Each structure stands twice: as structure tokens, then as C-alpha cells.
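Chemist: Read off the chains here:
Number of protein chains: 2
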Amino acid sequence: MQIILLSGGSGKRLWPLSNNARSKQFLPLLQSPDGNVESMVQRVVRQIGESRLSGTITIATNSAQHDIIINQLGDNVDTVTEPERRDTFPAIALASGYLSMAKGCSADEVVVIMPCDPYTETEYFDVIADMVAAVENDAADLVLMGITPTYPSTKFGYVVPMSEDSGKDILRVKRFTEKPDVQRAEELLAQNAFWNGGVFAFRLGYMVNILEKYISAASFEELRSRYGELPKISFDYEVAEKAESVAVLPFNGKWKDLGTWNSLTEELSSNAIGNVVIGENAPNTHVVNELGMPVFCNGVSDVVVAASPDGILVCGKEYSENIKNYVDNLSPRPMYEERRWGSYRVLDTTTYNDGYMSLTKVLQLKSGRYISYQLHNHREEMWTIVDGEGVVVIDGAIRNVTRGDVVAIKKGQKHAIKALTDLQIVEVQMGDSLVEEDILRFDWEW
Amino acid sequence: MQIILLSGGSGKRLWPLSNNARSKQFLPLLQSPDGNVESMVQRVVRQIGESRLSGTITIATNSAQHDIIINQLGDNVDTVTEPERRDTFPAIALASGYLSMAKGCSADEVVVIMPCDPYTETEYFDVIADMVAAVENDAADLVLMGITPTYPSTKFGYVVPMSEDSGKDILRVKRFTEKPDVQRAEELLAQNAFWNGGVFAFRLGYMVNILEKYISAASFEELRSRYGELPKISFDYEVAEKAESVAVLPFNGKWKDLGTWNSLTEELSSNAIGNVVIGENAPNTHVVNELGMPVFCNGVSDVVVAASPDGILVCGKEYSENIKNYVDNLSPRPMYEERRWGSYRVLDTTTYNDGYMSLTKVLQLKSGRYISYQLHNHREEMWTIVDGEGVVVIDGAIRNVTRGDVVAIKKGQKHAIKALTDLQIVEVQMGDSLVEEDILRFDWEW
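In order, the protein sequence lines correspond to chains H and S. Here this note's numbering is used: position 388 in the first sequence is 388, and no number is missing along the way. Here this note's numbering is used: position 183 in the second sequence is 183, and no number is missing along the way.
Everything labelled a hint here was simulated from the structure, so no lab data went into it. These numbers were taken from a predicted model, which means no experiment stands behind them. Do not take every clue at face value.
Where chains are identical, the list cannot tell them apart; a pair therefore holds if satisfied intra-copy or between any two copies.
[Unchecked claim] Computed cross-link-like contacts, DMTMM-like style, restricted to lysine to aspartate or glutamate with a CA-CA straight-line distance of at most 25 angstroms: (1) Lys174 / Glu121; (2) Lys410 / Glu389; (3) Lys411 / Glu427; (4) Lys168 / Asp432; (5) Lys366 / Asp432; (6) Lys168 / Glu186.
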């Protein structure tokens with residue numbers, strides 16, 4: 001059995017903690033059983049491991065998230081990276097092709113598709129195990145999870161079961177309805193409809209057949225290179241709504257989308273995360289501070305405060321669902337990113353009168369990791385090693401570096417660094433254009 | 001005629017913008033007539049210049065504020081720096097000794113003492129001019145300003161005039177009452193008492209006589225070196241309450257102490273200062289942001305948000321008078337300081353497992369200014385020049401620096417830098433102790 005975890009999304013609904021490089025599922029804000037914090041994707045992967053599900057996990061994602069997935073879940077996570085962002089049908093088709101062609105899974109093997117960001121408990125995974133069994137027992141070609149609605153939401157798609165199946169463990173699906181208006185949602189609730197939870201189970205061959213209507217590839221590499229030929233359409237439209245044999249298994253346990261500050265703060269590990277002091281007169285207030293400087297908050301209620309290198313949010317919780325339009329253009333670039341080798345934080349950026357720019361970062365490399373051999377055409381970089389030990393390569397010349405050493409990297413100079421211990425570096429970039437995309441990568445054998 | 005502006009205070013009531021190096025009178029938050037912003041001390045000096053007062057200004061201050069005064073008011077401001085912090089009597093006595101002994105002012109010259117942080121308008125200075133005239137006409141030895149009270153405040157000292165002088169322009173003073181309780185304050189209001197505004201006028205000889213009861217110095221240098229012999233006592237107790245001939249001139253115009261966020265925000269130049277977006281649902285909310293990153297605020301009311309390198313405050317205005325206890329220990333050191341040569345901002349500090357520390361700053365030097373020739377025993381410093389041109393001295397060796405240059409300064413190395421144009425430097429400090437006090441200064445002839 002195979003599990004495909006869908007990790008996509010970008011968006012700014014959890015600004016300033018989420019940015020184009022760090023979607024909501026990567027925010028390390030939830031309480032983990034060992035007393036530490038974990039992100040939503042770390043939580044889901046942990047919960048799968050603790051559940052009755054015995055499948056292998058493959059994470060279907062995009063190139064912007066690849067590094068943070070490796071950083072949060074380790075090198076041995078299997079990932080399928082889409083060459084460009086399209087929609088859920090092409091993403092699931094690509095991952096299915098990967099399982100079939102690259103991993104050699106059989107057409108009979110059951111595949112479960114699930115999102116990586118629902119906030120749920122054990123019962124959720126029990127229902128998924130039941131869905132797998134339903135596919136194995138040929139209850140339907142496609143089996144999906146139906147969330148028992150708690151109110152007539154207009155944010156979700158609905159799944160309407162056959163009325164004669166009411167009360168059964170497995171219900172045949174009569175039809176799907178996309179996000180309705182409130183009146184229509186109330187009618188759907190009267191018909192015992194479910195929210196579509198985005199969890200699907202099918203046999204691999206079922207999906208591969210649908211994929212082959214668009215691309216008949218000889219290898220996964222070919223499929224990936226022809227990814228742009230797959231239609232930009234959701235899995236719901238392209239597969240679920242067209243399927244002839246669909247069943248739904250109800251789930252009525254805890255299930256939340258922690259996609260806004262209002263919903264997320266209900267599940268935070270603490271009211272005060274980071275260097276924070278909350279005064280005595282601040283009921284139902286949550287403060288998340290990823291900056292070094294302290295935050296003091298008092299005399300407000302029902303407020304969320306969030307501070308990161310991207311910015312500072314102070315928002316009444318009831319208004320927190322509508323921050324996107326305000327903040328969409330506030331941060332011109334991500335100021336914090338997790339990378340395969342660790343993470344960086346931008347401390348400061350300045351543009352001078354003549355257009356020249358400087359940008360100061362702290363880089364944290366994990367022991368044993370390295371930054372790829374690369375050059376920049378528009379900037380020079382000064383590295384001051386402030387902690388740890390490493391090896392630097394400049395235009396092929398190797399030297400060891402430690403605290404107090406400075407490495408000057410001119411425009412066009414190839415450079416790389418490997419951390420021999422955990423390494424902290426202050427990097428000053430200077431040039432006429434300071435963007436992450438100004439990079440040419442080369443091979444280097446460490 | 002001489003004006004002594006008292007500039008003291010430290011405290012954290014306007015945290016995080018005020019710190020031990022930047023008291024409230026130096027915050028550049030008020031609207032100036034030319035459309036820019038100005039600090040309270042800049043405003044008072046400007047107002048004196050625009051008033052009928054024709055005196056020379058001497059600022060009585062402490063060493064922690066000396067540099068920021070030069071930075072805000074220019075090199076040609078006359079200052080008297082107390083060797084240690086004591087109280088208002090010794091500070092005024094020292095400044096009076098300076099006028100008498102160092103500047104050679106005559107004993108007959110009228111001196112006005114005034115605080116540097118009242119938020120007032122032109123009429124305030126008109127009353128001071130009348131006070132000067134009253135001293136010149138020998139109305140009393142000591143003439144002070146009485147603020148017409150607007151409520152029975154327990155925060156101010158009161159001046160009770162002779163009841164038979166009621167309605168006169170100049171009233172003889174019957175007695176003083178220090179901060180009373182509310183009931184006592186109401187009684188004082190019934191007696192037509194005034195708030196003591198801390199503005200005093202007298203002939204220089206009057207104060208020099210009182211000074212000489214404690215120290216009979218042959219020179220100002222001697223007086224300053226014996227400063228510790230002066231009692232730690234306020235001018236009110238030591239001089240005003242003991243004076244035999246005291247008069248008060250009433251002032252009933254605009255007069256505010258902008259010493260808390262609640263009072264300060266009423267006079268800010270804008271609701272949003274700095275990189276700030278305020279949403280549509282944030283009535284009576286003020287945001288002051290001195291950081292580079294953006295602040296977005298919405299869905300709160302009657303709130304002040306202030307962000308600086310020292311920290312981030314989010315506070316309901318009615319609670320803003322009581323932040324001191326919460327924030328007193330939040331910032332271990334000032335993270336922003338104005339210096340004689342410009343200013344610095346701390347971007348980041350890290351302490352590693354072995355106690356070693358690093359600290360990253362941005363230094364901004366004004367064209368023509370220089371950082372004194374100095375060495376540090378506990379830290380090395382790496383300077384990356386990110387903008388401008390300058391001259392660096394390292395152990396006597398001179399070199400020119402410009403964008404992209406790196407200057408490595410080892411422990412014990414003497415170093416200095418002069419800005420040939422406005423200069424911006426990223427400084428990385430590393431060592432086992434990173435405090436401003438780790439400094440030995442030397443002479444260097446530029």
C-alpha cells in the first residue's frame with residue numbers, strides 16, 4: 001500500500017510566518033508528544049507512523065518546497081517534485097506515474113491520497129485504513145472520505161451519498177457539489193451530504209489508466225518532462241466527478257483546517273511562543289515570535305501577534321481570515337527559508353540612492369550538510385564565520401574555516417561551503433541585484 | 001540671559017523606543033513645521049529660537065545622553081555633562097557653576113531652568129519671558145512657573161500662592177506641597193494651587209551662593225571633579241522650598257507630559273510611522289515601526305504598537321502607563337543608539353554553547369564624522385563596508401575603504417574610521433564578552 005501526501009500551497013494567510021517558501025504545513029507551532037514543537041507535515045507523518053496504515057509515504061510537492069521537506073523530514077523521505085505548479089490532478093497523476101514506473105509498484109496496489117495539513121486525531125487514520133480495505137474488497141473504483149459537516153460551510157466541496165445507503169459504513173456516492181452558497185449548503189446538510197476531505201483511495205492501475213489518456217510515457221523521466229501536457233484541473237473534477245463507481249466512508253472525528261490565524265491559534269502549543277511576555281490583561285491572546293528581540297503584549301483581547309523576519313502582524317482574531325489582500329505585497333522576498341542544508345534569516349536589506357543594494361543574512365548550516373558549488377553574476381558576498389567549523393571552496397581552492405574567519409567571494413567566483421560541525425555564518429551580500437535566482441550551480445566532489 | 005535645559009531621565013516607559021541611551025525626549029516622532037519629524041528636545045530648542053527668549057542655551061545632561069544630543073542638535077550646542085547621575089539640585093548647581101566660572105557670566109545675569117520635554121505652544125515661552133522680566137524687576141529671588149491644574153493629579157508637586165495675591169499676574173508663593181493624595185490634591189485645587197512646572201528663573205549669583213555653601217571651587221574643572229560632594233536632592237527641596245522670596249507666574253495654556261504611550265500617541269505626526277499598514281478596522285490605533293520589516297495591524301482598537309531593535313510592544317492604550325515593570329529586564333542592552341558620529345542598530349545577537357558570543361550591527365556614520373581611535377580586549381570586529389567611502393586606521397596604518405571592502409580588527413588592535421561620505425558598515429563582533437564598555441580610547445590626529 002502506498003500513501004501520497006500532497007504538499008502544495010503557498011499564500012500569505014498565515015503571514016508573516018508563512019511565505020512563498022514556507023507554507024502553513026511547515027510552521028513549527030504545534031505541540032508534539034515529546035514536549036517539543038512540530039509542524040503540520042511533521043505531525044501528519046508522525047501520525048501515519050503511529051496508525052494502522054503500513055504504507056510507504058511519497059510526498060508530492062513542488063520545487064519551492066523540496067528543501068524544507070528534506071530539512072523537516074530528513075533525507076530519506078521519498079518525494080515527487082512537479083516541474084511546474086499546475087493542479088491536484090496532474091500532481092496526483094505524476095506521483096502515480098512515479099509509483100508505477102520509477103518504483104515499479106503493481107497496478108493492483110492500493111494508493112491513498114491525502115493532504116498534509118489536516119489537524120486530526122487517530123480516528124482519522126482508522127477511517128483511511130477502512131478506505132484501503134474497501135478498495136481491496138472492490139467496494140468501488142474510488143473511495144473517498146466524507147467529513148461529517150458541523151455547519152453549512154461555503155468553503156468546502158460536498159459529497160452527496162445515495163439516500164438509500166444512509167447509515168451504512170460505506171455509502172455509494174450520488175454526486176458532488178462544489179463550494180455552494182449558504183442556502184444550497186443548508187439543503188446539502190438536509191441530504192446528509194459530507195464535506196469532501198480530499199482523501200482518496202484507489203488501485204494504482206485505476207489512476208495510471210486515466211493518466212494514459214493524456215500521456216503514454218515509456219519512463220517516469222519522460223512523463224515528468226511532458227508534465228505540461230496534463231490539464232490544469234483538480235482531481236475532484238477530472239477523476240472523482242467522472243468516476244462511475246465511487247464510495248464514501250464517513251468520518252466525524254476531530255478535523256480542522258489550520259489555515260487561518262484564528263483556527264491555528266486554537267491548537268498552538270502555547271499562548272506565547274518565542275521571546276514573549278504577555279501581561280495580565282490579555283485574554284485569548286496568542287503571540288508567536290520568531291525574532292530574537294522580545295515582544296511584550298498587554299491590554300488587548302482576542303488578538304494574534306506574529307513576528308518573523310518577513311514582518312509583524314497584530315490582528316484581532318475575527319479579522320485574521322482577511323489579511324491576505326493587505327499583506328500580499330508587503331514582503332518583496334522571503335526573509336526566512338529552510339534549505340536542504342539548514343536555514344537562513346535576512347537581518348537587513350538596504351537599497352542606496354544609486355540602486356546598489358546590500359543584504360545581511362545569518363546562515364545556519366547543519367553538521368555534514370553543504371551549500372552547493374555556485375556563483376553569482378550580480379553580487380559579491382562576505383562571509384564571517386561566527387560559530388563552528390567548515391571547509392570552503394573558492395574557485396577550486398580548499399581551505400578550512402572557523403570562528404573569526406572571513407571569506408570574500410567576488411562576482412563570478414565559484415564557491416561552496418561544507419559544515420564540519422553546526423556552522424553559523426553572517427553573510428553580507430552587495431550588488432546591483434540581490435535575488436535568490438542569481439545563481440549558477442556546478443558539481444563539486446566533497 | 002541664559003537658558004539651562006535639563007535633559008535627564010532614562011527609564012522604559014516608552015519601551016521599546018526609549019532605552020537607557022535614548023530617553024523619551026530624543027524620539028523623532030513629532031510633526032515639525034517643515035513637514036519632517038522632530039524629537040521633543042529638537043522641538044523645545046526650535047520653540048525657544050522662535051520665542052521672545054533671546055538667551056543662550058546650555059544643556060545640562062549626563063554622559064549617556066551627550067552623544068545623542070550632539071547628533072540631534074549639532075556640534076555647536078553647549079552642554080554640561082554631570083560626571084555621575086545625582087539629582088536636579090546638583091545638576092543645576094553644576095550648570096550654574098559652568099556659566100559662572102567657565103563662561104564668565106555675571107552674577108546679575110538671569111538664568112532660566114527648564115525641562116526639555118514639555119509639549120507646549122508659544123504661550124509657554126511668553127510666560128517664561130515674563131518670568132525673566134520679573135527677576136530683572138526684582139519681584140522675587142526665585143520665580144517659577146505655575147501650571148493651572150486641570151484635575152487633582154497625584155503625579156505633580158503643587159505650588160500654593162498667597163491667597164491675597166489671587167488674580168495678580170505675579171503671585172507670591174506661600175508654600176510647596178509634594179505629590180499629594182487625591183483628597184489633598186482636591187483641597188489644593190480649592191486653594192488655587194498650581195502644578196509646579198519645573199521652570200525656574202533667578203539671577204546667577206543667587207544660585208552660585210547656594211552652591212558655595214557646599215563647594216567653594218577655584219575653577220569649573222575643580223567643581224566638576226568634586227561633583228560627588230553635592231547632596232543628592234531635588235532643586236525643589238534644596239532651593240525652592242527654602243527660598244525666602246519666591247513668586248509664581250501662572251500658565252494655563254497647552255502643557256503635556258508625553259511620558260507614556262497613551263499621552264504620546266495623541267501628538268504623533270501620524271497614526272502609522274515607518275513601514276506600516278493599518279487596516280480598515282483599527283480605530284484609535286497608532287503604530288510606530290523603526291524596523292525594516294513591515295508591520296500590519298487590523299481588528300484592534302485603542303492600541304499602540306511600537307517596534308524597534310530593542311523589542312516589540314503591543315499594548316492597549318489604557319494599560320500603556322504600566323509597562324515599566326514588565327519590560328524593565330526585557331532588553332539586556334540598548335539595541336539602537338545615536339552617537340556623535342551617527343547611529344548603530346543591533347541586527348542580531350547569539351550566545352553559543354561555550355559562552356562565546358556574536359553580535360551583528362549596522363553602523364551609519366555621517367560624512368565628516370569619525371569613530372574614535374580605540375581597542376577592545378574581549379572582542380574582534382569584522383567590518384564590511386556596504387556604502388560610502390572612508391579612511392580606516394589600524395595600529396597606525398591608514399587605508400581608504402569603499403563598498404565591498406572588509407576590515408578585520410583583532411583583539412587589542414587599535415582602530416578608527418572616518419567617513420568621507422555618509423558611510424554604512426555591517427559590523428560583526430565576536431568574543432567572550434560583547435559590551436560597549438570594553439573600549440580603550442586613544443588620540444588620533446585626522
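Chemist: Hint by hint, say whether it matches the structure.
Modeler: We went through each hint and held it up to the structure:
1. Lys174 / Glu121: Neither way: Lys174 and Glu121 sit 28 angstroms apart in one copy and 77 angstroms across, limit 25 angstroms.
2. Lys410 / Glu389: both (22 angstroms within a copy, 19 angstroms between copies)
3. Lys411 / Glu427: both (14 angstroms within a copy, 22 angstroms between copies)
4. Lys168 / Asp432: For Lys168 and Asp432, the Cα distance exceeds 25 angstroms both inside one copy (66 angstroms) and across copies (70 angstroms).
5. Lys366 / Asp432: Between copies, since 23 angstroms is at most 25 angstroms while 30 angstroms is not.
6. Lys168 / Glu186: Classified as within: same-chain Cα gap 22 angstroms, cross-chain 79 angstroms, threshold 25 angstroms.
Going through the hint list in order, the structure does not satisfy hints 1, 4.
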